[in-house]
Every structure is written in structure tokens, then in C-alpha cells.
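One letter stands for each residue in the lines below.
There are 2 protein chains.
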Amino acid sequence: MKKNFKLVIEYDGTNYAGWQRQNNAITVQKILEEVLEKLTGRNINVIGCSRTDSGVHARGFICNFVTETTIPPSKIKYAINNLLPNDIVILDSSEVPINFHSRYNCIKKTYTYTILNREEPAAINRNYVYHFKRPLDIDLMKKGSEFLIGTHEFDSFRKIGSSVKTTTRTIYSIDIEKQEYYIKFNITGNGFLYNMVRIIVGTLLDVGVGKMTPESVKEILLAKDRSKAGMSLPAQGLCLEKIYY
Amino acid sequence: MKKNFKLVIEYDGTNYAGWQRQNNAITVQKILEEVLEKLTGRNINVIGCSRTDSGVHARGFICNFVTETTIPPSKIKYAINNLLPNDIVILDSSEVPINFHSRYNCIKKTYTYTILNREEPAAINRNYVYHFKRPLDIDLMKKGSEFLIGTHEFDSFRKIGSSVKTTTRTIYSIDIEKQEYYIKFNITGNGFLYNMVRIIVGTLLDVGVGKMTPESVKEILLAKDRSKAGMSLPAQGLCLEKIYY
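Those protein sequences? They're chains A and B, same order as listed. Going by the numbering used here, the first residue of the first sequence is number 1, and it counts up by one from there. Going by the numbering used here, the first residue of the second sequence is number 1, and it counts up by one from there.
Hints in this document: simulated from the structure, not taken from any laboratory. You may find that some hints are simply not true.
Intra- or inter-copy, both count: the list cannot distinguish identical chains.
What the hints assert, rightly or not - Derived lysine-lysine pairs resembling PhoX-like cross-links, with alpha carbons at most 25 Å apart:
| # | residue 1 | residue 2 |
| --- | --- | --- |
| 1 | Lys184 | Lys242 |
| 2 | Lys108 | Lys38 |
| 3 | Lys242 | Lys178 |
| 4 | Lys6 | Lys38 |
| 5 | Lys228 | Lys75 |
All chains should be modelled from the sequences, with the hints used to inform the complete structure.
As C-alpha cells, this is what we get:
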């Protein structure tokens, strides 16, 4: 009998062209599907909760796949982990209702973006942070971030040319924490447009260095114009932390 | 005129056979001395505060070298960083008195050892932690660690065969912090025997899983017998944090 399996995955995105299968690129989906084919002898299509871009990391990526196998759902993670490279780890495996869809059923996502804020670049953790030299005023960034909370059309905060039915998204919270030289942005929303987290944090850095006021975040939002917002930061500071259903 | 330069170095030890120059191995000292030769046109012998083993990391390694150069001491770090690979970063450079010796003048050192304490291995941060599956009782480990504070002969906590004048060392503090799945041991002492930090933490893990009582740490210390203590943990969880002068 066919079962629907759900996996929770942690991966270091450094050496992958993101989650989604592509021609001529190594992606997490490709690696996982190859392992599942070895395990089950079947061609399995894994459904991911999200694309993630090249170089982006995940601590709580969710995917699901339907197959027939005699391996118990809670044990399949051990079998998969034995065959995966060491930068991808299955944290949990379970059986879910046959109609569970890891992308369509997602109601909320949390991403983090981590900055190393000091003059010198990172040696340790260099694949997990974005190095930003100039001093940042956390309070100004917090004030700026508050204008983004709620339901808005986020046209100014998405990559130009990305197609989507609606640009309306809800952001539930943006927390900004400083620990030694690290500043971590923790952003939860019901969904994110392409590059949205990276552009939001890029814009807040402009606020943090005093290049724009916290209030200008509101103006940028209302302008619905990508060119008004800050730069889209590099992938390596971004991590998909958690998916809510 | 000759000047004595002091550097503070952060490095990711993953791809190095430790600090100290060796034949047929890539070490941090070798890489740094090659860069300094390129910069100054001279053969420079860099004195490190400590050997560190293969795979061990550092956030605050100190070294010094004496040379003639017209590059200002505070600026030499930029010149060096431009030529270093991205897993070694000079955090600070300064001029120190000509008789300053980064090893002999050291009075105190802080190391950390980081455990990932969950069932599944690490994908993210996998080069910076030691994965330990079994649940650990932090309070028991704290109790056990208290017997090590103070001045003792640490024969039980050093690699057999390592030669040294005296096995007496003073440990000032051992702090154990848990943050999500990570447990970080923070150990400060006036000096450490070969593998001492890794054996101390290995022994505290035995206490943390209930394999031995906190009080047995005292017995192990008094036994002066390496075979009584726990295993020496792998290098990748260890980081030289700070050197005091």
C-alpha cells in the first residue's frame, strides 16, 4: 500500500544549486531522489516545501513523497542518512495523510539571515554568514522592520521579473538579535516572494548604517518599486529554519 | 630598524595539520610565513602561542615575528589578509616590545569544545562540532567539572607519551552552556597538557551519560593514570578562543 512520507531535512547549501532539480546542476532534491531510488528500487518524485536558491541553507526543510516500501516511516531516516553525503541530514521521518503536500499545505515559514558585523571577514563560519563591515544600529533597524509587519503588497521587496499571482504577503515577526559580532535576523511570514528575505535584510542594513531612516522602509513598501529598496544580500547568510502546517 | 609584530588570528583548522610547520603537511604557520615572505622579501620565523593539533580551530591565536618593514604595524593585517586563503584571517596587528614572545609570555588560555547533542549528525556547522548522540545531564557534568578547578597534577588528562617538565597546571574555570542542541565547554587555565582539554571533555561526557559519578572525576585526578579518564575527543570541536598576557 502506498504511504506518504514526510521528512525534516537539515542541509548545508554551500555546495548545492538549491533544492530544486535542474539540468546540469547538483541539487538537494536530485541527491535525495537518487538515494530514495537506491533504497526502494523505484523512481520517486520528492515534493519540497520551497525552492531554495543556490547556497542557501536549511535547518528545517520539509519534503514529502509517496511510495510503497516496507521500511517503517520512523526508521526510513536512518536508511536515507546512511546513503546521504554529510552535508545533508534527515532529522525526522514520519508518515502523513496521503493528501499532505509539503508546499501547498504550508501556512507559515521562518527564515534567518546572519550577518558577521566586524571589520575582518569570517574564517570560522564563513559559509554561514554575510560579512558586513560598517557598524550597524540595531535599534534603527528594529524600528525600520516594524513597518514591514502585517499584510502588504511586497512589490518593492522581490526580484524583478519573478512571476507570481499576487505580491500580497503577511509578515508576522522580524526579530533582530546581536550576539558578539553576529547579528541574526529572524523573519516569519505566511510566504515570501523571490529574494524577499534577502532584499528586506539588505534594506534594513541601509537603515542600520544611517543611509536611510526607519520611516523610509514604509515609503519603499508603499512605492511598490524594487529600485527603491536595498540590495539583495548573498545566499550564504540565509537559512530556512522552520515550516509550519 | 627591527620591530616585533603581534598578530591575532582566526582560522578554520579543518584543512590544516595544525599550527606548527611540519614536513609534507600544510600548516597555518607555513601559509603565514609564505605570505610574510612575499610581503617583505625576507625569510620570517613566526612564533606561535601554542601548537594546535590538526583540525583544531582558533578565534584568538596569537603569534609574533620580528622583521624590518616600512608597513605600519596596524596596517600590516590588511596586506597579509589580502594574500591569505579565506580560512585564515588576521583580526588585529600591532607592534609589541622587542622581547615579547607569544608562547613564553602567555599566562592564561581559554579553549572551547562544542558538542552537538542530538540523535542526528550535523550538516550545518559539521566542521565545528563533535556529534554526541546520548542525552547529557548538564548538572552532573558541572558537578564533575568542579573537581578539576584549581592547581593539580593532570597526569590522568594528558596523552600518554607526551613529554613535559611538569604535569602541574591550574584550571581557573570550566563553564558549560547549553543552547538548543549545542553544548559548549569553556575552559580557562594557565596552560594545558597535550590533549588535556579533549580528555577533560571526554571524561565529563562519561559523567553526563551516567557512566561515572561526578565524584569519580576527583578519583581520576588523584589516580594520575591516563587509563582511568575518558576518551580524547576529536579535534573539530576544539577552538582556541583567547590568549592572555
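Contradicted hints - numbers only: Violated hints (numbers, rising): 2, 5; every other hint is consistent with the structure.
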